[in-house]
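Following the hints, position chain B against chain A.
Number of protein chains: 2
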Amino acid sequence: MMVDERWMRLALEEAKKAFLKDEVPIGAIAIVGDEVIARAHNLKETNHDATHHAELLLLQECARILGRWRLTDVTIYATIEPCIMCMGAMSHARIKRLVYGARDEKFGGAHSLYQIAHDERLNHRFEVEEGILADEASQIMKDFFKRKR
Amino acid sequence: MMVDERWMRLALEEAKKAFLKDEVPIGAIAIVGDEVIARAHNLKETNHDATHHAELLLLQECARILGRWRLTDVTIYATIEPCIMCMGAMSHARIKRLVYGARDEKFGGAHSLYQIAHDERLNHRFEVEEGILADEASQIMKDFFKRKR
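First to last, the sequence lines map onto chains A and B. At position 137 of the first sequence the residue is numbered 137 (this note's numbering), and the sequence of numbers has no breaks. At position 25 of the second sequence the residue is numbered 25 (this note's numbering), and the sequence of numbers has no breaks.
Take the hints with a grain of salt, since some may be wrong.
Said to hold, decoys possible - Cβ-to-Cβ under 7 Å is the rule here; a few derived chain A residues that face chain B:
| hint | residue |
| --- | --- |
| 1 | Q60 |
| 2 | I65 |
| 3 | W69 |
By construction, these hints were calculated from the structure, which means they are not laboratory data. These numbers come from a predicted model, not from an experiment. The beta carbon of each residue, even a glycine, is placed where N, CA and C say it ideally should be.
Bound-form chain A, shown alone (with noise of 0.2 Å):
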């Protein structure tokens, strides 16, 4: 619990550099043992690709750092439920272990809309925890819509 909430904050500051850069601030990092060795944000609007999710982006560079699709010992820290596409690509990298901070409910593949991670017809199931640090993820959120309206 600790441990999570310690690798929570660097997600947590991913999601302010989204955020610095006008991007709906979502970050998330990725640890194997107990070393980070990714971190990416959201970068949609910067980029122009509707793909680039933070934890997409992060699964990416976890590829090309490791050198294999097969990412079994990795364990993922996302500041928000990730979306559909993104668990599927979690799925698929066969990750160990998602944590995530607050429910997005109206794109969350996790829990809100699906829960891609238990889906007993998949051959890859993995372990999700939800609300460590919730709060300041979801005020984030808050703090960066109420600056768009």
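Okay, now just chain B, sitting in the frame of chain A:
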């Protein structure tokens, strides 16, 4: 219909390129108006990246070429029913239409496991047509997995 078959032949050519690289033989192309703007095939093993499905690479290539994340004028032809990740990506990119060949009962996110394009909770829905040159698309998959065994 004739037009759909004509484009699907190009997607099948991409699938054949994947086959020759010892990749699961799935191909996809992107059309705007009457023009092919991007082609892609599965490169998961070659690139050591679980996200490098034909359709996801295609969407990222479209974004690069067009310089925008909204692909509302793009029709995608894929030889096999796209997975959950790729369907989520198409939804985010707001594509116009998806045409695919054969169903994928194990991973399909357009019909088989989920119906992402028609989920009324998501903020983009798009037309999906299946069955175009389905026999050819599934035959190349069968040939591939037969050789693998």
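Taking the hints in turn, this is what the structure says about them:
| no. | hint | verdict |
| --- | --- | --- |
| 1 | Q60 | 6 Å, holds |
| 2 | I65 | 10 Å, violated |
| 3 | W69 | 4 Å, holds |
Hint 2 alone, counting from the list given before, is not met by this structure.
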